[in-house]
Structures are given as C-alpha cells and as structure tokens.
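Colleague: Taken in sequence, the protein lines are chains H and C.
In my numbering, each residue's number is its place in the first sequence (first place is 1) plus 25.
In my numbering, each residue's number is its place in the second sequence (first place is 1) plus 471.
Think of the hints as simulated: they come from the structure by calculation, not from any bench.
These numbers were taken from a predicted model, which means no experiment stands behind them.
A few of these clues could be false.
[To be verified] Capping the alpha-carbon separation at 25 angstroms, the derived lysine to aspartate or glutamate pairs in DMTMM-like fashion look like this:
1. C:K509 / H:E175
2. C:K508 / H:E172
3. C:K649 / H:D163
4. H:K86 / C:E473
5. H:K211 / C:D595
6. C:K509 / H:E172
7. C:K501 / H:E143
8. C:K509 / H:E171
9. C:K508 / H:D163
10. H:K211 / C:E479
11. C:K516 / H:E167
12. C:K474 / H:E143
13. C:K508 / H:E175
14. H:K113 / C:E512
15. H:K170 / C:E517
16. C:K514 / H:E167
17. C:K521 / H:E172
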Amino acid sequence: MSFFRILSISTAIVPFILLFGILKGIQYYRYLKTDYKLLVVYLIGCFLADISSRIMGEFYKNNLICMVAFSLFELLFFVYYYQTCFFKRKVWRYLIVALIGTIYIGHEIYTLINVTPEYFQTYSKTFTAFLIIIMGIDFFIESLKEERIESSSTMRRNAIFIFYFSLNLILFLPINFLINVSSSVKFYFWLINLIVTFSFYIILTKKIWKNGLTQKQLQRG
Amino acid sequence: MEKWLDTETIATWIIIVFLLVTLLAVSVIKLVFIHMKKTMEHKLKESWLKVEYQNKLLKSTIEAQEKERNRIASDLHDSIIGKLTVLRLKSQLNFKKEEMDSLLAESINEIRQISHNLTPPMLDFKNITELIGDVLLAWRTKFECIYYKNIQAELNVSDSLKIQLVRIAQEVITNSHKHSQSKSITVLLKTTPHFIYLVINDKGIGFDLKSETSSVGIGLNNIASRVHYLKGHHKIKSDKNGTRFIFVFNILS
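All chains should be built: construct the whole structure from the sequences, respecting the hints.
Modeller: So, in structure tokens, the structure goes:
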C-alpha cells in the first residue's frame, strides 16, 4: 500500500473522531458549561460538513464548494463564540467584519459553485482564519491590559484556536496549487493538514469530555 | 492556465502570508510590551509599598523613642528626684545619719535600675544566653518565666545584635505582661553556627494582629523595626489560646 493510499484512508478516521466527540458531548451535554456546549455544536457542524463533502464528492466528483460553505459556518460560529465566551462585552467591529465576510463568502459560493478544480481559488477559509486569529490575539491583549484573571483552560483554548487557524490559513491559501499540482509534494501538505485537523478535533473532544466529567462530579456532589 | 500558475494569484498569496506574519510579529511585540509595562507598574507599586512600610516603621521608632524618654523622665522625677528632695530636707533638719544613708542607698539602687534598663550591664562580657536570662530575671517576680536554651554553637555576636535582641525580648515580655493576662511566659533560645532563633510564648488571651491604633500596634511596629534593622525575620501567631513570637536572625548577614 502506497503512502498516498494510506493518507487517503486516514482521512476516513476524521468523522469517527468527530462522532466520538459529539457522542461524548451529548452524554454530558446538560452538565457542560456554555463554552463546551458550543464546542459540541461546532463538532456537529464539522461532522455534517465532512459527511456532506464526502457524499458530494461521490456524486458530483467535486466537493470544493463545501469548503467555502464550511468556512462560512466557521466564521459565524467563531464570531459568536468569541463574543459569548471570550470577550467581556460585544465587540462591534468584529460583528461588522463578520457581516462583510458573510457577504463575501456568499458571493464566493455563488461564483465558485460551477467552477472546475483548475480554476478554483477561494479566500473564504483565509478570511475566516484571519479573523479568528485577530480575535484570539485581541483577547490575549485585552486580558493582559485589563489584568483580567482568566482561567488557564480559556487561555489554552484561545491559544489552540490561534495555532490551528494560523496553520489552516497557510495550508488553505494555496488551495489551487494543492489541488492541481502534479507533483507528489502536495501530499505532504495534505498530511500536515490531516495531522493538524486530527489533533484539533482530538483536543476539542478531550476538553469536552474532561469538562463534562468535572461538571458532572460538581453538580452531583 | 491553472490558477496557481497565474502571477496575480501568487502575488495575492504572498501578500496574505506577509500580512499574517506581520500580524503575528506585531502581536507578539505588543504582548511583550504590555507585559513589560505591567511588570514595571507592579515593581513601582511594590517599591512604593516598601517605602510606605519603612516610613511607618520610622514613625513607630520615633514614637517609641518619645515613649522611652517619657518613661525615663518619669522614673527620674518620681523616684530619684523625690528621694533626693527628701534627703535634702532631712539634711537641713539634721536627721539621723543612718536614715540618710539608707535613703542614699535606695537612690543609688534606683539609678542603677534605670541605668540597667537603658543598657544591660556587662554587655561586652556576657553572651546572648545570659543577657536574655537577665531580662527574664527582672520579670520573675511578676509572672512565671520558663527559659529553654539550646546552644549548638557559642556565637561571637556584635554588641549591636545583643542589645537589639534584648530590646526585642523586653518589648515582647512587657507587651505580654501588660495585655495578655497570661500567668507565665516561655522563652526558647536556640543558636546554631549561622542562626539565632528566639521564640517567646505566652498563654494569654491573644490580640488582633491587624490592630494599628492601639499601643500594641506601636509595640509591634517597634519590634518589626528592630528585626528589619537586624535583617532578620519574624512571625507572630496569636489566638485566644495565646501568642507566639518567632524570630530568626542570620548572624552572617
């Protein structure tokens, strides 16, 4: 079995990790804090995007538009997540940027829906990742300036988001190159993406599970 | 032509990566800058608090000095001057020589006591164990004094350290006698090649450690000031079962 075949099969593990995280989230849902309840919703979104892109790929042989749609979901989700769980007050500039982003991504969906892979180049994922990184850094600066004592889990979660979306931005920016280049070098990029995605979903699942267990103990005494 | 071969697309990618790297670099610099600023502010605040604390100690020292002067003045006025005045009157009235001699002896004793209170006698020739013992000796008539000694090293300490230790012991015992209602006091003195430990314990009613307005506050600040001067450390534990003062001095410092 070649390296590329192994890589291709490995991607099938992603929905199982997501499913496991969702099941754990559902199991402890009523005990979870709002931050983690929202993460379960995010995992559900990721799972649905993964499954629908697989189905689309099977039927239409082109599922690239799913990536754009998924980046719209990520944009709306993370803007809401940061406003609800991280920032102490509503940050209007991000809401405005999110609105502009939504219009832009909507436009991309409309223009790219019938585009062949050779001409497919989206900046939706880049836009979303950029905004999340800025919000993450802003949260760090705000906490440091105001000398707020945030829990270490909140800080760690924010750092994970910054790290993950920085890599995401770099990896998805040259999407056209990664789809169309004939060289096998592109598979190394996809391998990195796979490892990063695996790690991200596993960390989120672990966090949901851990929080569920702790909160259950606390609420049951 | 595929999109990635297009120069415009490549330029866009480069610009985005450049923006990302710039954003990350600026953010890191800003975070470090804010962190440094906050650290500086904390250090400044800390040094202000230190200065404030030292001023408080200085104020207590001055107050304690005034208190001590008043005590010496009243000692001299109430006992010595009184006795000498009586002696003078009796000498004018041609009283018996024995009676006058007795009054003179009493006056000499009073002066000796005042002198001993000011500076312990034989300071140069006595070690710290003996000096603390002398302090307790004066209190034995007033309440039970238990003195434990654990001398692991014979220390050659300076007169300054000796006198300050004596003053600390005097202050603690005086406070304990005045306020604690304890019938006994226990003193432990331990010396090692590098350290002197002094523990003074009573079984009285204790006091509020945060009290700053009472005379206890002045006494405590006076003790703190002496400990600070000797670069030592001290801890006070007080509750309804009694009070414990623990002092540690590094003689090398």
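Colleague: Next, verify each hint and record whether it holds.
Modeller: Each hint, compared with the structure:
In summary, the hint linking K509 of chain C to E175 of chain H is supported, as the alpha carbons are separated by about 16 angstroms, within the 25 angstroms threshold. Distance hint between K508 of chain C and E172 of chain H is fulfilled; the C-alpha atoms sit about 12 angstroms from each other, no more than 25 angstroms. Restraint check for K649 of chain C and D163 of chain H: not satisfied, since their Cα atoms lie roughly 60 angstroms apart, outside the 25 angstroms limit. For the hint pairing K86 of chain H with E473 of chain C, the CA-to-CA distance comes to about 18 angstroms; that is within 25 angstroms, so the pair holds.
Restraint check: the Cα-Cα separation between K211 of chain H and D595 of chain C comes to about 88 angstroms, which exceeds 25 angstroms; the hinted pair is violated. Between the alpha carbons of K509 of chain C and E172 of chain H the distance comes to roughly 9 angstroms, so the proposed pair stays at or under 25 angstroms and holds. A threshold of 25 angstroms between alpha carbons decides the hint, and for K501 of chain C with E143 of chain H the separation of about 41 angstroms lies outside it, so the pair is violated. For the given pair, K509 of chain C sits about 10 angstroms from E171 of chain H by alpha-carbon distance, which is consistent with the 25 angstroms threshold.
Simply put, K508 of chain C and D163 of chain H have alpha-carbon atoms about 17 angstroms apart, close enough for the 25 angstroms limit, and the pair holds. Straight-line distance between C-alpha atoms of K211 of chain H and E479 of chain C comes to about 21 angstroms, which keeps the hinted pair within the 25 angstroms bound. For the hint linking K516 of chain C to E167 of chain H, the alpha-carbon distance of about 22 angstroms falls within 25 angstroms, and the restraint holds. With a C-alpha separation of about 7 angstroms, the suggested pair K474 of chain C and E143 of chain H falls inside the 25 angstroms cut-off, and the hint holds.
For the hint linking K508 of chain C to E175 of chain H, the alpha-carbon distance of about 19 angstroms falls within 25 angstroms, and the restraint holds. For the given pair, K113 of chain H sits about 24 angstroms from E512 of chain C by alpha-carbon distance, which is consistent with the 25 angstroms threshold. At most 25 angstroms may separate the alpha-carbon atoms for a hinted pair to count; K170 of chain H and E517 of chain C meet this at roughly 19 angstroms. Only pairs whose Cα atoms come within 25 angstroms are accepted, and K514 of chain C paired with E167 of chain H is accepted, the gap being roughly 21 angstroms.
Only pairs whose Cα atoms come within 25 angstroms are accepted, and K521 of chain C paired with E172 of chain H is accepted, the gap being roughly 22 angstroms.
Hint compliance for this structure: hints 3, 5, 7 are broken, all remaining hints hold.
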